[in-house]
Structure formats: C-alpha cells, structure tokens
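Trainee: Listed below, chain by chain, are the residues.
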Amino acid sequence: MSTHFSDVQLDALRELANIGSGMASTALSGMLGRPVDISVPVASALPLAEAVEAIGPAEQEVTGVMLGIIGELKGSVVLLVSPEDAVKLCAFLGVEADSEWGLSALGEIGNIVGTSYINALAAMTGFEIEPTPPATATDMLGAIVATCLAEHADGTDIALVLDSDLAVEGDDCSISFLLIPQAGGVQELLGRLGIEA
Amino acid sequence: MSELMARMGEYAVSADRDDVLVGLGLGSCIGLALVDRRSNVAGLAHVVLSKGEPAAGDPPVKYAHIGVPYLLEQVVAQGARKMRLEAVLVGGASMFVSKNGLEVGQRNEAAVREALEKLRIPVVAVDTGGKRGRTVRVYMADGRVTSRLAGGPEELLLKPYAVGVAA
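Protein chains in written order, with this note's numbering: chain A, 1 to 197; chain B, 1001 to 1167.
Chain B extracted, bound-state conformation (with noise of 0.2 Å):
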C-alpha cells in the first residue's frame, strides 16, 4: 500500500488498487475527492482559496475555481467517467475565530461546491466545517473515503465499493 499525498495547493491521483489518497491536516483548506467508483479512479485536491490571481509557480490546484475543473480533467484522463464522478468534501474550518470576517474556510467550501454545481457533480458526503482540523483518505482498494480529526478515529464518510454488484 502507498499512500500519496496532496500537500497544499496540490493534487494526487490515482487508478491503482494499492494506492490511499491522502489529505493531512486540514484546517481552512478544503480536501475534495472526486471519485468514480466502478472504474476504480480517484482524486484528491488539497484547495487552498477559493479564488485569485495564480502566480507563476503556483500549483494547480491552490484555488477552487481553477482547480476543480483541472481535478476533474485529471481523473477523466485516467479513465473515470464523468458521469460516474461523486463528489466528497473534507475541511474548510474555522481553526481561530477571528473577528475581521476573514472565514477563508466558509469561502473555500462555498466556492468548491459552486465549481462543481456548474461541473454537475453531485456532492454526496462532506464533513466540513466547525472549529477542528481534519485528515482525509481516499482508499482506491474499495474507494471509501474516510474524515479523522486530531486524535480521534477514522470516520467512514463514503462507504466501501462492493466489487461485482451493479450500481
């Protein structure tokens, strides 16, 4: 098994059974996984903003607006089905309360489901949200994906695939 890893701004994708896409420590940021379960792809953005000017070295997918549409091309090219694609968002807390109104992890979701409202794909699982930051894993193996705060336990968000059965 290996696991790998989308650091901030960045993005992992994968159609290998062996593979655990993973998220670590999110706090404003938001984890978006997009998967197609019966082809067996996945992929995992770690967004950062939700939207701006990219600088010359940025990585692809630090803003929602572009890297939501540039996930998506991602996992096509590996051979998900669009139509097949469901949506699970992870993150986007408000770690410190702040009193400037600066909610960048309220904004982050806000602006990834809008991304993906005009892609229509459907959300069906998030744990966003609140005071704590969140892990999220990607399991290609079965394609359920899982939410941990700090110190707690793994948290099934999207249940395992059952291989054989017709969706």
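Pulled out of the complex, with its shape left as it was, chain A reads as follows (with noise of 0.2 Å):
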C-alpha cells in the first residue's frame, strides 16, 4: 500500500496537531508557573528516507522522551529538547540536568505534555486511546526520530510527522514536538474527522 495524503487532509491533521499541542502547552505552563507560546505545526508526510533531515540534523545530540500511544489509534509522540534547552527547563523545576533528577524530570514534562496532546485526540476523534510510559534517550537526534518512525514503517512507504513548537516565554526555550501515527489508523482518524481523501 502507498500512503499519500492530500493537501486538504494534511490540513486537518495540522488543525487536529494545533489543538493538541494548545492543550500541551497549556499542561506545560501550568507544569513550569510560566507562560508557554506555540507555533503552527507543520504537517509533513514524506519518504521515510527524508524523515530525519525535515526535524534535524542526524548527529546533533538530544533529550527525547517517547510515549506510545495504544488503541484504535497508534503511534508514538516525542518529545525532543536540545542539551541548553534540557539545562534550562530542570532549572525551572529546581534540579540540576544532569542528576537522575534531571532524566526523570524532564520525562515528567514529557509524561504531562504527551497525555494532555494524547487526550486532546482522544476528545476530538472519539477514538479509544492511552499513552504508555514515557521513555527517555539522551543520543543522536537520528537514532532517536528513526526509532520511532521505525515502528510504525510497517507497510507504507511514507512517515507522517506532525511537527510542533512549545517555546517558554521570555527565556528563549523550546520543545519540539513530533506526533508519528501509524499509517493505516491516520485514514481512519481523517475518516472520523469527515475528511476524505
């Protein structure tokens, strides 16, 4: 099968990633007492091979924290934060990075963010759907973004990633955050949003 989405069906799916990730922010604002600013996602549906490059460059080294989503719908959202950025959000909770406070803080971010922009799918498609424990990596942006589209290159020759900024106010830090579904639940997720192809 060969996944290909049209232009309005990519916008539905970036309308359906804004809210999300308002809902995330919100989460995150609430999680860090300041005020949190998002972009407009973007919406990219490319060749599994050119993945990787459209979020970042392969080598360069990030915090990613990954939760799987299961049920009618799956997939994974990650969370990824660069070493600076990963320094400056644990401050704002009052630990040091590079503790294992610092991991396991910045999994409780992702933990918070991921579940609120899981629910809010959740809430708008009716589908049934959970996340599952946040993981944590600190390595290589690619081995990181590969992984996860990795599971769920099964079958289609296209990775859909919707891609989003959370940017803290005023302190010149930002999350960036990726919703990867499985291919063959996207048609249904769009079928429920009444958007054919």
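Keep in mind that the hints are not guaranteed to be accurate.
[To be verified] Which stretches of chain A does chain B cover? Using the computed rule of at least three CB atoms under 8 Å from a CB of chain B, they are:
1. 41-50
2. 104-110
3. 134-141
4. 162-169
[What the hints assert, rightly or not] No farther apart than 30 Å at their CA atoms in a straight line, the calculated lysine-lysine pairs in the BS3-like style are these:
5. B:Lys1131 x A:Lys88
6. B:Lys1051 x B:Lys1131
7. B:Lys1159 x B:Lys1131
8. B:Lys1051 x B:Lys1082
9. B:Lys1118 x B:Lys1082
10. B:Lys1082 x A:Lys74
11. B:Lys1131 x B:Lys1118
12. B:Lys1051 x A:Lys74
13. B:Lys1082 x B:Lys1159
I should point out that these hints are in silico values taken from the structure, not numbers from a laboratory.
Quick caveat, the model's predicted, so the values are computed rather than measured.
Don't be surprised by glycine CBs; every beta carbon is placed ideally from N, CA and C.
Got two chains here, separate frames each, mind docking them using the hints?
Mentor: Below, the structure is given as structure tokens:
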C-alpha cells in the first residue's frame, strides 16, 4: 500500500496537531508556572528516507521523551529538547539536568505534555486511545527519531510527522513535539473527522 | 573526498577510493556494510525492519530479508567478488526500553544475520545492541569501517586493508 495525503487532509491533521499542542502548552505552562507559546504545527508526509533530516541534523545530540499511543490509533508522541534547553527546563523545576532527577524531570514533562496531547486527540476524534509510560534517551537525533519512525514504518512508504514547537515565553527555551501515527490509523482518523481523500 | 549517505531504507555503493559511505544516527536500524577489500568495492545498507510487505514507493533495502540480497547484487554489479565479501553490522540498539517486548533492534540484527548466513557471507565485525545510537562509516580509500557513539570518537571496527599485501 502506498500512502499519500491530500492538502486538505494535511490541513486537517495540522489543525488536529494545533489543538493538541494547545492543550499540551497549557499543561506545560501549569507545570513550569510560566507562559508557553505554541508555533503553527507543520504536517509533513515524507518518504521515510527524508523524514529525519526534515526534523533536524541526524548527529545532533538531543534528549527525547517518547510515549507510545495504544488503542484504536497507534503511534508515538516524541518530545525533543536540546541539551541547553534541557538544562533550562530542569532549572525551572529546581533540579540539576545531569543528575538522575534531571532525566526523570524531563520524563515527567514529557509525560504530562504528551498525555494532554493524546487526550486532546482522543476527545476530538472519539478514538479510545491511551499513552504508554514515557521512556527517555539522550542521544543522536537521528537514532531517536529513526527508532520511533521504524516502529510505524511497516506497510507504508510514507512517514507522517506532525511537528510543533512549545516555547517558554521570554526564556529562549523550546521543546519540539512530534506526533508519528501509524499510517493505516490515520485514514481512519481522517474519516472520523469527516475528511475524505 | 565525498560522503555518500545511506538514509533510512537506502543504500550506497562505491568503487571509488575517494568515497566514504555513511549511515548517520542509527538507532534500532542496522547499518550493514558489505566490503570486498581486494577489489575495493563496498556497499552500505540502512536496514529499517526485519521483514514485512514492501509498499509501492519503498526504498530497496528497508526490509532485511529483501535488502541484504539486494545489496549483494549491487556490490557484485560494481565488481565485488561474492567469495571475498565481508560483512560488518552496526546499530540494532534499543533506544527506549519498552515493556511491550517490541525490540525492533534485536529483530533487525537477527534478520540481517540470517539473510547473510543464507548467502554464506561471513560477519567479521559488529557493534550492535545496547541503548546507544551510532554512526557507521566505510572508507573506500583503505576499506576500513568505523562506528561512533553520540559525542564519542570513531572506533575502528574493520582494519584498513594493506594495499599490495596478498590476502
């Protein structure tokens, strides 16, 4: 099966990501006690080979927090934070980034932000979905993103990535936020939103 | 020197001493190098999954069971001798420890090894498993293969081929 998406479909997915990241930013703002801005999400349907470089340089070091989505729609939510921004986020929460508390604090940020995103998706689509517990890794961006893409790459030649940014106001600190749904489920999701190909 | 990139599901093949074949940021994926150091021909495949049904627009080496024989054909077409090929495997990590038992990396390595065994190509060096991502490089100048972790130095996996010395 070759999976392609029309502009109308990508618009609908972008809107979905927009609402989801709106909820996520509210959750992050509550956690940090600071205002958080969201960017307009980018919805890309790309050949697998091009997906990593669309997100960032493959060898750049990042911390990734990954939550699986299970239930009627399968996929992953991934938060990516640069090492500098990881230090800032941890400082907002009063912990050292390179202590064991640091990684667990970032995991908790990922958990709360990712879960509110997934809950927003569930509320909008009526899908019965829930997040799996967060897993964190600090490594090459390519290795983190490719591993998440690979989990949903079977049976489709297109990687669908919805990319938003959450920026902590006035602090030059941002989180890149990816939703990588399994291809088959996306057609069903679009169907529920009343969007045909 | 030019770097030929093998991105997810893609491969690179060369018989040019100026080239370096590169697989950047391998996580659960496997970078499979097939090297004929005497003929100075090598190929690098960026294998994503162990097996499955290829989609219409899929790149050729996405799946191990199709990708390994495909890479063999490509290096032979460039002048490699099958008898002399050596395989090096890099990647197959478990970046995120998951409870659902979906260890894509381990399955990828097993599938690539199985395909190589069928083709009777020996695996001469590996840097696989664990929790860390890696970058693999194949230097056509002398046939050496290296692996690198995030922020770390390049480690030699397959030694340079001594030109002029009989194998």
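Trainee: Please go over all the hints and tell whether each is borne out by the structure.
Mentor: Against the structure, the hints:
no.	hint	result
1	41-50	holds (count 4)
2	104-110	violated (count 0)
3	134-141	holds (count 7)
4	162-169	violated (count 0)
5	B:Lys1131 x A:Lys88	25 Å, holds
6	B:Lys1051 x B:Lys1131	22 Å, holds
7	B:Lys1159 x B:Lys1131	25 Å, holds
8	B:Lys1051 x B:Lys1082	24 Å, holds
9	B:Lys1118 x B:Lys1082	13 Å, holds
10	B:Lys1082 x A:Lys74	42 Å, violated
11	B:Lys1131 x B:Lys1118	28 Å, holds
12	B:Lys1051 x A:Lys74	19 Å, holds
13	B:Lys1082 x B:Lys1159	20 Å, holds
Checked against the numbered hints above, the structure violates hints 2, 4 and 10; every other hint is satisfied.
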